[in-house]
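Single-letter residue listing:
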Amino acid sequence: DAKTTQPTSMDCAEGRAANLPCNHSTISGNEYVYWYRQIHSQGPQYIIHGLKNNETNEMASLIITEDRKSSTLILPHATLRDTAVYYCIVSTFYNQGGKLIFGQGTELSVKP
Amino acid sequence: SQTIHQWPATLVQPVGSPLSLECTVEGTSNPNLYWYRQAAGRGLQLLFYSVGIGQISSEVPQNLSASRPQDRQFILSSKKLLLSDSGFYLCAWRVRDRATGELFFGEGSRLTVL
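Residue numbers (this note's numbering), protein chains in the order written: chain A, 1 to 112; chain B, 1001 to 1114.
Hints listed in this document are in silico derivations from the structure and should not be mistaken for laboratory results. Beta carbons: idealized from backbone N, C-alpha and C, even for Gly. The reader is advised that the hints may include incorrect statements.
What the hints assert, rightly or not - Derived pair list, reagent style SDA-like, types lysine to any residue, alpha-carbon separation capped at 20 Å:
1) A:K3 to B:G1043
2) A:K3 to B:R1042
3) A:K3 to B:L1019
4) A:K3 to B:Q1045
5) A:K3 to B:V1060
6) A:K52 to B:E1102
Stated by the list, open to error - Residues from chain A that keep clear of chain B, each with C-beta distances beyond 12 Å, as calculated:
7) N23
8) H49
9) D67
From just these sequences and the hints, can you work out the full model?
As structure tokens, then:
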């Protein structure tokens, strides 16, 4: 599975958009980009995933560059409850049991 | 709807004692199952995964083992705990045989080895 690079930490003002970048320059054609987040002392929560096209759901938007070497997760109106560690993962489901390998993630702090 | 249960939620064990963490999934069949560990202040490390009863794959060498005696039951064990086994253990499941799919996590078991 391709590896990802994310900033260690980011701050965002409450009510503003939070843009979390992820580099995955070695991504292969059949690998999806997944985003999860983990609020302190809880299990990670799925946010969104995509292959080539930009995706949007009720939680966030995922923007994937045309060459697929990087992506950005956008939380359009960040709230204090969005403070968490955000993980970007690239994986193909058919890789040995559909496992997901988590990196260190980005610690997002939303401040009032 | 599907649910995942882990227990115990918290435990404190002495070095050298055995360990058994249990995870069960309800509301689905033939799931892929996973055990992750998170040491203090660090990311999640995949320990084991299983694609079926009795089928266990280990990701990292360690003194832990996993078993899947039933389709929706996943157990993490150790015969003798080490201090380095302390951490937050998370069980997760995923629908098998789909091109994509989210990983659903339990609430975790926090283990402190003294």
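Looking back at the numbered hints, which does the structure fail to meet, lowest number first?
Hints 3 and 8 contradicted; others consistent.
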